[in-house]
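Protein sequence lines correspond, in order, to chains C and E.
Okay, so the first sequence: first residue is 3 according to my numbering, each after it adds one.
Okay, so the second sequence: first residue is 93 according to my numbering, each after it adds one.
Don't read these hints as lab results, they were simulated from the structure.
Hints may be right or wrong, so weigh each one.
[Said to hold, decoys possible] So, partial list: chain E residues that the calculated Cβ filter (under 10 Å) puts toward chain C: (1) 109; (2) 268; (3) 287; (4) 291; (5) 321.
[As the list claims (entries may be wrong)] Just a sample of chain E residues kept apart from chain C, beta carbon distances all over 10 Å, derived: (6) 102; (7) 107; (8) 114; (9) 118; (10) 181; (11) 187; (12) 189; (13) 191; (14) 223; (15) 261; (16) 263; (17) 324.
Heads up, the beta-carbon is just placed ideally off N, CA and C, and yes, glycines get one too.
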Amino acid sequence: MTSVDAVLSAIDLTSWRGETCVLNEVSLSLSAGQILQVVGPNGSGKTTLLRTLAGLALPDDGQVMWQGNNIEHDRSTFQSQLLYLGHKPGVSGALTPRENLLAFLHVRQASPDLTQLDDALDALALGERKELPCRWLSAGQQRRVALARLVLEPVNLWILDEPLNALDVDGIAWVVDRIEEHAERGGMVLFTTHQPMPLVRRQAQQVLLSEVEMSS
Amino acid sequence: MSTEQETPTVGIWQVFSTVFVRDLRIAFSSWSEGLNPLLFFVLVVSLFPLGIGPDPRLLSSIGPGVIWVSALLAMLMSLDGLFAADHRDGTLEQWVLSGQPLSIIALAKVCTHWVRSGLPLVLMSPLLGVFLNLPTTALPVLVVSLLLGTMILSLVGAIGSALTLTVKQGGVLLALLVLPLSVPVLIFGAAAVQAVVEQREALGQLALLGGGVMGALALAPVGIAAALRVGVSSGD
Numbered sequence: 003m004t005s006v007d008a009v010l011s012a013i014d015l016t017s018w019r020g021e022t023c024v025l026n027e028v029s030l031s032l033s034a035g036q037i038l039q040v041v042g043p044n045g046s047g048k049t050t051l052l053r054t055l056a057g058l059a060l061p062d063d064g065q066v067m068w069q070g071n072n073i074e075h076d077r078s079t080f081q082s083q084l085l086y087l088g089h090k091p092g093v094s095g096a097l098t099p100r101e102n103l104l105a106f107l108h109v110r111q112a113s114p115d116l117t118q119l120d121d122a123l124d125a126l127a128l129g130e131r132k133e134l135p136c137r138w139l140s141a142g143q144q145r146r147v148a149l150a151r152l153v154l155e156p157v158n159l160w161i162l163d164e165p166l167n168a169l170d171v172d173g174i175a176w177v178v179d180r181i182e183e184h185a186e187r188g189g190m191v192l193f194t195t196h197q198p199m200p201l202v203r204r205q206a207q208q209v210l211l212s213e214v215e216m217s218s
Numbered sequence: 093m094s095t096e097q098e099t100p101t102v103g104i105w106q107v108f109s110t111v112f113v114r115d116l117r118i119a120f121s122s123w124s125e126g127l128n129p130l131l132f133f134v135l136v137v138s139l140f141p142l143g144i145g146p147d148p149r150l151l152s153s154i155g156p157g158v159i160w161v162s163a164l165l166a167m168l169m170s171l172d173g174l175f176a177a178d179h180r181d182g183t184l185e186q187w188v189l190s191g192q193p194l195s196i197i198a199l200a201k202v203c204t205h206w207v208r209s210g211l212p213l214v215l216m217s218p219l220l221g222v223f224l225n226l227p228t229t230a231l232p233v234l235v236v237s238l239l240l241g242t243m244i245l246s247l248v249g250a251i252g253s254a255l256t257l258t259v260k261q262g263g264v265l266l267a268l269l270v271l272p273l274s275v276p277v278l279i280f281g282a283a284a285v286q287a288v289v290e291q292r293e294a295l296g297q298l299a300l301l302g303g304g305v306m307g308a309l310a311l312a313p314v315g316i317a318a319a320l321r322v323g324v325s326s327g328d
C-alpha cells in the first residue's frame, strides 16, 4: 500500500492488548497534501493506531516510517514536524489559555510569534477569556485552546484524535477550514471523528478499521 | 515542506526555563496544596516532645533523627502527584511528543517540585532545630544537610513517581520503591547533624550528600524520562 512519494507510512502495524489484537497488520501511507480519515466503530483501534503513528505507543510488530526512516530511530526529527492532539486536550486548568499555549510554543519554537497567538485566540472566540484559568472554561472552550495550536505551530503532519469532540458548529467549521488550508499548503492530516465532516474542497480518503480486526 | 525545517532549533535552556516557569505558575495558583508537606513536617516534629517528654538532653540527642525522618516522609508524601496532573490533562503526552529531550523537561519539573516541597522544609528546619534543643552550631549543618538531602529525594523520588504514573493509588508502591533508595540519604543526613551535636566534624557526611546530588542530577533525569515514556505509552 505504500506509494513512492509517501512521507509517512505505516507497514503492517500489529498491536496487542493482552490477549486481544487491537491492530492487525494495518498499513497506510500519507503523502504531501493528503487528508486521511481513519474510520471504524468504537473499539476498532482508531486511537491505538493514531497513538502508534505518533510514536506514543510502540507497535508489537511493524513499523512507522517518516521520510524513509523508522521514527523510533530519529524521534526528535519526526516529532518536531508532528502535532498530535489526543482525547485529552493537554490544557492545564490552573493556567490561562495564553499561558498554556505559550508554554508549548516556547518549548517547540525558538522565537514564537506572539501577535499570532492573540489573533488565534480571537478567531476561536477565546479573546475575552484568555486571562481566565482554563478550569473555568467549558469542555468545548478547552478543546478550542488546544486546537489553537493548529495555526500556531508550523509543522507538516497533524494527527488529530476526535478533534471535533465538544465543539459547536462554528468550532467544527473552523477546524474543517484549517484542515483544508493545511492540506492545500502541502501539509498532511490524519484524523478520526464520529461526526459528519463537511470537507468541501478536498475529499478526505478513508482507512477503514473493521471490527473483524478486533477479534484475535 | 522543507521550509519549516530551517527554523532555528530551540535551546535546552529555553526548554528548561519554559517548563520550570510554567510549573511554578501552576504551583502558585494552588499554593495551599503545596504547603501540605511543610505542615506535615512541622506537625510530626512538634509531636515528638509531647510524646517523649521535654527532657532537653534527650531531645537534642534524638533531634537530628526526628527532623530528618519527618523531612523524608514529608518529601515522600509530596511525590505522589508530581506527574499526575500533567498525565491527567494530557500535557505529559505533549511533552513526550514535543521533539525536545524529555529528560530536560523532567528535570525542570523536578526542580519546581523541589522549590515547592523541599525548599520550605529547609527554610523551616532551623526553627524546628531550636524547638528540639539542638545547639546553635548544629543549625547551619542541619540546613545544609537538608538542602542537599531534599534535592536527592526529589530527584530519586521522581523516578518512583514516574514509574507509578499509571498505578491507581500508587502511594504505597511509591513508598516501597523510593524508601530503600532514600535510606542512605537519611543515614548520612542525620549523621552529619548528629556529629555536630556531639562536637565532631561533619564535612565527610556533607561531602557524601553533595556527591549524591551530583550523581542524582546526572542520572535521575534519564531514568525519569524513560519511566515517563513507558507510562504514557500504556495509555490511561
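Going down the list of hints, with the structure as the test:
Given the 10 Å rule on beta carbons, the hint for residue 109(E) holds: about 8 Å separates it from the nearest Cβ of chain C. The interface hint given for residue 268(E) is violated, since its Cβ lies 25 Å from the closest Cβ of chain C, which is over the 10 Å cut-off. Evaluation of the residue 287(E) hint against chain C yields a violated restraint, the C-beta minimum of about 43 Å exceeding 10 Å. Given the 10 Å rule on beta carbons, the hint for residue 291(E) is violated: about 48 Å separates it from the nearest Cβ of chain C.
Taking 10 Å as the C-beta contact cut-off toward chain C, the hint placing residue 321(E) at the interface holds, the least distance being around 9 Å. Against the 10 Å criterion, residue 102(E) falls within the reach of chain C, whose nearest CB is about 5 Å from its own CB. Its beta-carbon lying about 5 Å from the closest one in chain C, residue 107(E) breaks the requirement of being farther than 10 Å from that chain. Its beta-carbon lying about 4 Å from the closest one in chain C, residue 114(E) breaks the requirement of being farther than 10 Å from that chain.
Under the 10 Å C-beta cut-off, the non-interface status given to residue 118(E) relative to chain C is violated; the minimum distance is some 4 Å. At the 10 Å boundary, the C-beta of residue 181(E) falls inside the reach of chain C, the nearest C-beta of that chain being 6 Å off. A beta-carbon of chain C comes within 10 Å of the beta-carbon of residue 187(E); the shortest separation is about 8 Å. Against the 10 Å criterion, residue 189(E) falls within the reach of chain C, whose nearest CB is about 5 Å from its own CB.
Annotated as non-interface, residue 191(E) brings its C-beta within 10 Å of a C-beta of chain C; the closest such distance is 4 Å. Look at residue 223(E): its CB is around 34 Å from the nearest CB on chain C, clear of 10 Å, so calling it non-interface holds up. The Cβ of residue 261(E) lies farther than 10 Å from every Cβ of chain C, with a closest approach of about 21 Å, so its non-interface assignment holds. Every beta carbon of chain C lies more than 10 Å from that of residue 263(E), the smallest distance being close to 22 Å; the non-interface claim holds.
A Cβ of chain C approaches the Cβ of residue 324(E) within 10 Å, the least distance being about 6 Å, so the stated non-interface status is violated.
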